[in-house]
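Enquirer: Chains as they are written, first to last, in the working numbering: chain W, 76 to 319; chain G, 20 to 311.
Heads up, some of the hints might be wrong.
Stated by the list, open to error - Below, a list of computed lysine-lysine pairs in the DSS-like style, where the Cα atoms sit at most 27 Å apart: (1) W:270 with W:88; (2) G:131 with W:165; (3) W:270 with W:165; (4) W:246 with W:270; (5) W:184 with W:165; (6) W:88 with G:206; (7) W:101 with W:165; (8) W:184 with W:88; (9) W:184 with G:206.
Stated by the list, open to error - To give an idea of the interface, some chain W residues facing chain G are shown, with a C-beta separation under 7 Å as derived from the structure: (10) 167; (11) 174; (12) 246; (13) 248; (14) 250.
In short, the hints are calculated from the structure, not lab data. Small disclaimer: the values here were computed from a predicted structure and weren't measured. Glycine is no exception: its CB is placed at the ideal position from the N, C-alpha and C atoms.
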Amino acid sequence: MLELCDIHGGYGKITILNGLSFKIPKASITTMIGPNGAGKSTVFKAIFGLLNIESGHILLDGRDVTGLPPRQMIANGVTYVPQGRNIVPKLSVYHNLELGGITVADQAKVRERIETVMNQFPMLREFRNRRAIELSGGQQKQLEIARSLLLDPQLILVDEPSIGLSPNLVKDVFATLQTLRDQGVTVLMVEQNAKTALAISDYGLVLELGQARMQDEATRLLADPRVGQLFLGGHVDDATSPGR
Amino acid sequence: MSQFLQIMLSGLATGSIYALVAVGFTLIWQAAETVNFAQGEFVMLPAFFVLIGLNVLGYPLWISLLFGLVLSIVVLGVMFKKLVVEPILPSGGISLIIATIALGTFLKESVKEFYGAEAEPFPPMFPTDPINVFGAVISLQDILNLVISLGVVVLLTLFLNRTRTGRCMQATAQSPEVAEILGVNVKRMILYAFLINAALAALASFLITPVYLAKFSNGETLGLIAFIAAIVGGFNQIRGALAGGLLIGVLDNLTATYVTAEYRAALPLILLIVIILLRPQGLFGTSEGRSV
Numbered sequence: 076m077l078e079l080c081d082i083h084g085g086y087g088k089i090t091i092l093n094g095l096s097f098k099i100p101k102a103s104i105t106t107m108i109g110p111n112g113a114g115k116s117t118v119f120k121a122i123f124g125l126l127n128i129e130s131g132h133i134l135l136d137g138r139d140v141t142g143l144p145p146r147q148m149i150a151n152g153v154t155y156v157p158q159g160r161n162i163v164p165k166l167s168v169y170h171n172l173e174l175g176g177i178t179v180a181d182q183a184k185v186r187e188r189i190e191t192v193m194n195q196f197p198m199l200r201e202f203r204n205r206r207a208i209e210l211s212g213g214q215q216k217q218l219e220i221a222r223s224l225l226l227d228p229q230l231i232l233v234d235e236p237s238i239g240l241s242p243n244l245v246k247d248v249f250a251t252l253q254t255l256r257d258q259g260v261t262v263l264m265v266e267q268n269a270k271t272a273l274a275i276s277d278y279g280l281v282l283e284l285g286q287a288r289m290q291d292e293a294t295r296l297l298a299d300p301r302v303g304q305l306f307l308g309g310h311v312d313d314a315t316s317p318g319r
Numbered sequence: 020m021s022q023f024l025q026i027m028l029s030g031l032a033t034g035s036i037y038a039l040v041a042v043g044f045t046l047i048w049q050a051a052e053t054v055n056f057a058q059g060e061f062v063m064l065p066a067f068f069v070l071i072g073l074n075v076l077g078y079p080l081w082i083s084l085l086f087g088l089v090l091s092i093v094v095l096g097v098m099f100k101k102l103v104v105e106p107i108l109p110s111g112g113i114s115l116i117i118a119t120i121a122l123g124t125f126l127k128e129s130v131k132e133f134y135g136a137e138a139e140p141f142p143p144m145f146p147t148d149p150i151n152v153f154g155a156v157i158s159l160q161d162i163l164n165l166v167i168s169l170g171v172v173v174l175l176t177l178f179l180n181r182t183r184t185g186r187c188m189q190a191t192a193q194s195p196e197v198a199e200i201l202g203v204n205v206k207r208m209i210l211y212a213f214l215i216n217a218a219l220a221a222l223a224s225f226l227i228t229p230v231y232l233a234k235f236s237n238g239e240t241l242g243l244i245a246f247i248a249a250i251v252g253g254f255n256q257i258r259g260a261l262a263g264g265l266l267i268g269v270l271d272n273l274t275a276t277y278v279t280a281e282y283r284a285a286l287p288l289i290l291l292i293v294i295i296l297l298r299p300q301g302l303f304g305t306s307e308g309r310s311v
């Protein structure tokens with residue numbers, strides 16, 4: 076589904092990704108974990124065309140999509156839910172959702188999709204005419220995820236979906252991601268709440284210093300003592316990956 | 020009573036033209052987070068484009084107005100963005116503000132050098148015959164200026180709120196990063212803001228120059244008053260710019276008639292000081308956080 080091959084890139088002269096390579100299969104949830112500064116969020120920006128890639132290739136279903144701008148990545152079925160709040164604050168909930176389908180010429184189809192998405196997230200229908208800034212933090216995150224679903228994406232990049240959410244809302248968000256996976260959508264997620272995220276994931280990926288240090292089934296990563304050490308602030312000494 | 024009504028209507032007519040220019044300040048602020056201190060000269064220049072159409076190229080008035088509008092959109096919209104804003108904006112907002120001050124001086128001095136320093140008559144678009152409105156005598160030109168200016172601001176507001184392109188412009192203004200990840204063509208939306216600003220400035224120029232005559236220095240006062248109007252109303256709100264423009268137009272007339280004409284020029288500045296002290300975000304504006 077998605078393959079990164081020897082990606083080097085960063086911000087200006089600062090290189091963050093140092094030869095990053097990994098593959099994720101279709102209709103799966105993969106969680107990226109790693110210490111602060113490992114380059115987890117930067118990976119998303121590289122995939123979504125928001126970062127200068129110095130070398131390497133990104134393949135989506137075998138097609139080279141390296142460096143394509145966001146509009147073209149969206150057209151290729153990729154959506155991105157960044158870290159933090161990503162709403163247009165003074166527009167209504169409905170118009171925020173509508174923006175999720177801005178690249179689609181057929182507006183009747185967008186309206187139809189909005190109805191479907193509002194059925195999935197009834198809260199959005201209730202507050203459809205409210206300004207997005209008036210929603211709570213958790214509701215705003217649900218709005219962002221709902222908006223990212225508007226185009227029936229094949230791949231969703233989700234950065235820290237649990238930040239600022241109550242435990243119940245985190246459960247809801249993770250359940251939504253699992254449902255999407257069951258519907259054939261591929262999810263690549265970064266999550267500080269690593270143990271919870273790995274528990275609902277199919278695969279895990281450990282990033283360190285801009286490289287993939289380990290990639291395995293999520294259950295095996297959870298049981299790996301080196302990963303436990305990483306959660307406690309250490310680093311992965313052994314560079315060899317068990318692989319899949 | 021009829022005198023009061025006359026003063027109010029006349030003030031609203033002038034104020035609505037200030038509002039057009041003030042709305043331009045708001046659009047540029049939202050698009051590029053900068054203040055265009057050449058905005059006054061942006062209002063001065065289109066009148067000279069029309070005069071070139073009339074006196075040099077020999078076009079009739081309506082063709083000259085169209086010529087002036089198109090040339091304004093190209094020069095004050097596209098060229099301003101491409102040649103001034105885009106190269107300088109990465110260096111920071113302050114650099115761009117200084118550049119717009121320099122641009123204003125350049126435009127002013129260029130008109131003086133190549134067209135002349137004398138004030139030139141500018142033909143009105145509408146009849147100037149006086150009409151009677153509930154006993155108040157006011158020119159038809161003033162009434163139409165008011166109707167057209169308010170109509171354009173209403174249309175602009177409807178465009179921004181009721182069309183997809185307008186909402187994309189709002190998304191770009193409020194959260195450019197979010198707009199980009201959603202696939203909004205952010206660069207195009209910013210360009211639209213500059214084009215609309217240029218068109219508003221041209222319209223303001225065509226409406227106000229018949230009253231003030233065409234002169235290279237017209238932008239000095241106009242730019243300052245419109246800037247104050249935008250701040251008084253709320254720099255980040257179109258309705259604020261509209262309210263600020265109308266308020267200054269009316270207060271200016273009322274002061275000149277009932278208080279003193281000698282200090283009327285000081286009124287907008289006094290209003291500015293009062294607003295900054297009591298409500299820094301303006302009458303309709305909202306506070307914007309900035310991290311340093």
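Enquirer: Take the hints in turn and mark each one as holding or not.
Expert: The hints, checked one at a time:
Annotation: proposed proximity of residue 270 of chain W to residue 88 of chain W is violated, straight-line Cα distance about 34 Å (limit 27 Å). Of the supplied pair hints, the one linking residue 131 of chain G and residue 165 of chain W is violated, its CA atoms being roughly 44 Å apart against a limit of 27 Å. Distance restraint check for residue 270 of chain W and residue 165 of chain W: the Cα-Cα separation of roughly 36 Å exceeds the 27 Å cut-off, and the hinted pair is therefore not satisfied. The suggested pairing of residue 246 of chain W with residue 270 of chain W holds, with an alpha-carbon distance near 13 Å, which does not exceed 27 Å.
Restraint check: the Cα-Cα separation between residue 184 of chain W and residue 165 of chain W comes to about 25 Å, which is no more than 27 Å; the hinted pair holds. For the hint linking residue 88 of chain W to residue 206 of chain G, the alpha-carbon distance of about 25 Å falls within 27 Å, and the restraint holds. Restraint check for residue 101 of chain W and residue 165 of chain W: not satisfied, since their Cα atoms lie roughly 36 Å apart, outside the 27 Å limit. Between residue 184 of chain W and residue 88 of chain W, the direct Cα distance comes to roughly 43 Å. Violation of the 27 Å bound is thereby established for this hinted pair.
Restraint check: the Cα-Cα separation between residue 184 of chain W and residue 206 of chain G comes to about 26 Å, which is no more than 27 Å; the hinted pair holds. Restraint check, residue 167 of chain W versus chain G: the minimum CB separation of about 9 Å is more than 7 Å; hint violated. Restraint check, residue 174 of chain W versus chain G: the minimum CB separation of about 5 Å is within 7 Å; hint holds. Hint status for residue 246 of chain W: violated, given a least beta-carbon distance of 26 Å to chain G, over 7 Å.
The criterion of a C-beta within 7 Å of any C-beta in chain G is not met by residue 248 of chain W, whose closest approach is roughly 18 Å, and the hint is violated. The criterion of a C-beta within 7 Å of any C-beta in chain G is not met by residue 250 of chain W, whose closest approach is roughly 24 Å, and the hint is violated.
Comparing the model with each numbered hint stated earlier shows that hints 1, 2, 3, 7, 8, 10, 12, 13, 14 do not hold.
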